[in-house]
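Residue numbers (the numbering used here), protein chains in the order written: chain A, 1 to 405; chain B, 1 to 175; chain C, 1 to 85.
Possibly wrong hints are sitting among the right ones.
[Stated by the list, open to error] Taking CB as the label site, the calculated pair distances span: (1) A:E46 / B:D139: 43 to 53 Å; (2) B:E163 / C:D20: 13 to 23 Å; (3) C:L4 / A:D70: 19 to 29 Å; (4) C:L4 / B:G28: 30 to 40 Å; (5) A:E364 / C:A23: 47 to 57 Å; (6) A:R312 / C:M21: 31 to 41 Å; (7) A:M219 / C:N3: 55 to 65 Å; (8) C:E64 / A:K216: 17 to 27 Å; (9) C:D20 / B:E161: 23 to 33 Å; (10) A:N267 / C:S74: 24 to 34 Å.
Hints listed in this document are in silico derivations from the structure and should not be mistaken for laboratory results. Positions of the beta carbon are idealized from the N, C-alpha and C atoms, including for glycine.
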Amino acid sequence: MADKVFVTGAGIISALGIGQEATLQALLNGESGIGKITHIQTEHEEFPVGEVALSNAEMSRMLNVGYPIDGLRTVLMGIIAAKEAIKSAGLTEKELRKAAFISGTTVGGMDKTERHFKTVFNSNVETDDSLELKYNDCGYSTELIADNIGKFNLVTTTSTACSSAANAIILGANLIKAGVIDIAVVGGSEALTKFHLNGFNTLMILDKENCRPFDKERMGINLGEGAAYIVLESETSAKARGASILGELRGYANTCDAFHQTATSENGEGAYLAMRKAMDMAHLSPQDIDYINAHGTGTPNNDETELAAMQRIWDYELPKFSSTKAFTGHTTSASGSIEAVICLLALQHGFLPKNLGWHNPMKEDAIPVIEDVDSSNVKNIINNSFGFGGNDSTLIFSEFIKENG
Amino acid sequence: MTTLAHIRITPSETLLNGKVISNSNISGIYREFIGDYPKFFKMDSLCKLGFIAAELILKGQTPEQKENASIILFNRNGSLITDRNYQKTIADDNYFPSPALFVYTLANIVTGEIAIRHKIYGESSFYVLSHQDDEMMLDVVKNAYLTSPPSFILTGWVDYEDEGNYLADIKLVTK
Amino acid sequence: MENLILQLKNQIIEVLNLEDMTAEDIDAEAPLFGDGLGLDSIDALELIVLLEREYGIKLSNPAEGKQIFKSIASIADYVSKNRKK
Numbered sequence: 001m002a003d004k005v006f007v008t009g010a011g012i013i014s015a016l017g018i019g020q021e022a023t024l025q026a027l028l029n030g031e032s033g034i035g036k037i038t039h040i041q042t043e044h045e046e047f048p049v050g051e052v053a054l055s056n057a058e059m060s061r062m063l064n065v066g067y068p069i070d071g072l073r074t075v076l077m078g079i080i081a082a083k084e085a086i087k088s089a090g091l092t093e094k095e096l097r098k099a100a101f102i103s104g105t106t107v108g109g110m111d112k113t114e115r116h117f118k119t120v121f122n123s124n125v126e127t128d129d130s131l132e133l134k135y136n137d138c139g140y141s142t143e144l145i146a147d148n149i150g151k152f153n154l155v156t157t158t159s160t161a162c163s164s165a166a167n168a169i170i171l172g173a174n175l176i177k178a179g180v181i182d183i184a185v186v187g188g189s190e191a192l193t194k195f196h197l198n199g200f201n202t203l204m205i206l207d208k209e210n211c212r213p214f215d216k217e218r219m220g221i222n223l224g225e226g227a228a229y230i231v232l233e234s235e236t237s238a239k240a241r242g243a244s245i246l247g248e249l250r251g252y253a254n255t256c257d258a259f260h261q262t263a264t265s266e267n268g269e270g271a272y273l274a275m276r277k278a279m280d281m282a283h284l285s286p287q288d289i290d291y292i293n294a295h296g297t298g299t300p301n302n303d304e305t306e307l308a309a310m311q312r313i314w315d316y317e318l319p320k321f322s323s324t325k326a327f328t329g330h331t332t333s334a335s336g337s338i339e340a341v342i343c344l345l346a347l348q349h350g351f352l353p354k355n356l357g358w359h360n361p362m363k364e365d366a367i368p369v370i371e372d373v374d375s376s377n378v379k380n381i382i383n384n385s386f387g388f389g390g391n392d393s394t395l396i397f398s399e400f401i402k403e404n405g
Numbered sequence: 001m002t003t004l005a006h007i008r009i010t011p012s013e014t015l016l017n018g019k020v021i022s023n024s025n026i027s028g029i030y031r032e033f034i035g036d037y038p039k040f041f042k043m044d045s046l047c048k049l050g051f052i053a054a055e056l057i058l059k060g061q062t063p064e065q066k067e068n069a070s071i072i073l074f075n076r077n078g079s080l081i082t083d084r085n086y087q088k089t090i091a092d093d094n095y096f097p098s099p100a101l102f103v104y105t106l107a108n109i110v111t112g113e114i115a116i117r118h119k120i121y122g123e124s125s126f127y128v129l130s131h132q133d134d135e136m137m138l139d140v141v142k143n144a145y146l147t148s149p150p151s152f153i154l155t156g157w158v159d160y161e162d163e164g165n166y167l168a169d170i171k172l173v174t175k
Numbered sequence: 001m002e003n004l005i006l007q008l009k010n011q012i013i014e015v016l017n018l019e020d021m022t023a024e025d026i027d028a029e030a031p032l033f034g035d036g037l038g039l040d041s042i043d044a045l046e047l048i049v050l051l052e053r054e055y056g057i058k059l060s061n062p063a064e065g066k067q068i069f070k071s072i073a074s075i076a077d078y079v080s081k082n083r084k085k
């Protein structure tokens, strides 16, 4: 019988601030981190974004790192979040040597590539810095984060768009259940880049105002950036270490919508299958789910199809649900783990994050969490992350119940 | 793990289950063996390569079997060639970012394209590795059977650098 | 108008990767989306970029595109009335 998979540590950095505590306070106070773009030189100043407040220079000083990491935002944020996760789990160097590090990203060092693209690729000059660009790929970004936090047994990168971090978590859990490793530090990191801004803008799915997930008048996404990692651990290992347990990763699933490269199917087939299969693994029925942290990007398409999928399972008796993307922005490849940490904070501290920006329902009964609710009895949380390519992932986090005697 | 079928495509030859079936390039293979999917031409090179490999290797599989299959692919370059092409459309001040190119700046769109064509609703994943590590790839694939077991898994290496440099080394496996 | 229609046909063939098609193959009045050439939402967005790049016309709302992109003829009509280049 495979071991249970527990969560024994977490770390996060986003527009809400650095670390679990700052994130918790922002969520409880309903303070969104979305605002004007400051760290990128772009013509598209009209789009609100969820940027991490610190500059690269500030993060580098904090971490005491130099060249080339000081110019790589994805790596800097990744190190900050991963360090917090490892520290909160109380893991030693020795324990990390047997662990896995799995990180999801799409852009890797794209921010640096963008700064140098014109000069480097238009001329054939090879400078020291241009040689460094050879290491801006996704895989190497993960390696750089790993190198700065420990010596791991296994390091790899998932790259499945907005479900990358969720899939990193799923791979870590599978490796633990297979008995390959006992501990996995898993999640994702993604810096905001011109690549994102121009790309999403050209698909015409960005909102010029603050986003309004699940609202009747929603117009699109606010992009965000950040990093988050959780420490997954087998039950045996966690108990042997006397680790403090934040929750259990009770179920998960990944499915494909198989409909379109970027749009989602009208009846939300992929989303429906992902939630159903995750509940099957968790041996939970729909009534057992207390809260859904939706993918909820705020686009007309996603929110409609995600709600359709939810209604196929829960009909008119939807559990409490909300999208936290109006707090953090859509952090793309890191969203699965950033929102996982938010779900774990909700479980631990007995609150449900609000769906900011919401005014009017899409359908009469589809009202997300918009005020403080009694959350003392929240036991099982669904966390959805859906990526382009129809890559749909659902994670289920459940409260850890201490056994007596 | 049992291998049900194996395809290997390089610029010089295409081998299906050990037999050379073509020496054409990617478009050539499409025209010779497929030809009924105009959307093929909108795909980027990585997707075209993955698409033809999947098409040839999935011949004979029924819709019921395909519905519950999984797709797990790996490479080293991600979607780099398209990333570069897309970057060109936003490099200058007078830029016109291309939505069609942007869509393909994600390595996992290749799993999406295969799923759309063959109506595959199971698990799909894409991993970026430093090199074709058969042992690690096998580990990841075996793990897919821990969750809801797929009917079969389409898995392997699919990487595209340029016209003269690409490899699709893909298997259909089952437990 | 004939020249503009021919020009649009060739531009669209190139921009939407409609390989194996020539201008003669496309009927100017035929529907482009749905059954016609089977174009999808991403193609519509590429057409919006084409309008701006080649003719200086900015469409800020993708919903406007539906009427304009009905056929090559309707695009030609819109371009001739609104072009800035």
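> Against the structure shown, which of the earlier numbered hints fail to hold, in ascending order?
Replying inline: Per hint list: 3, 7 violated.
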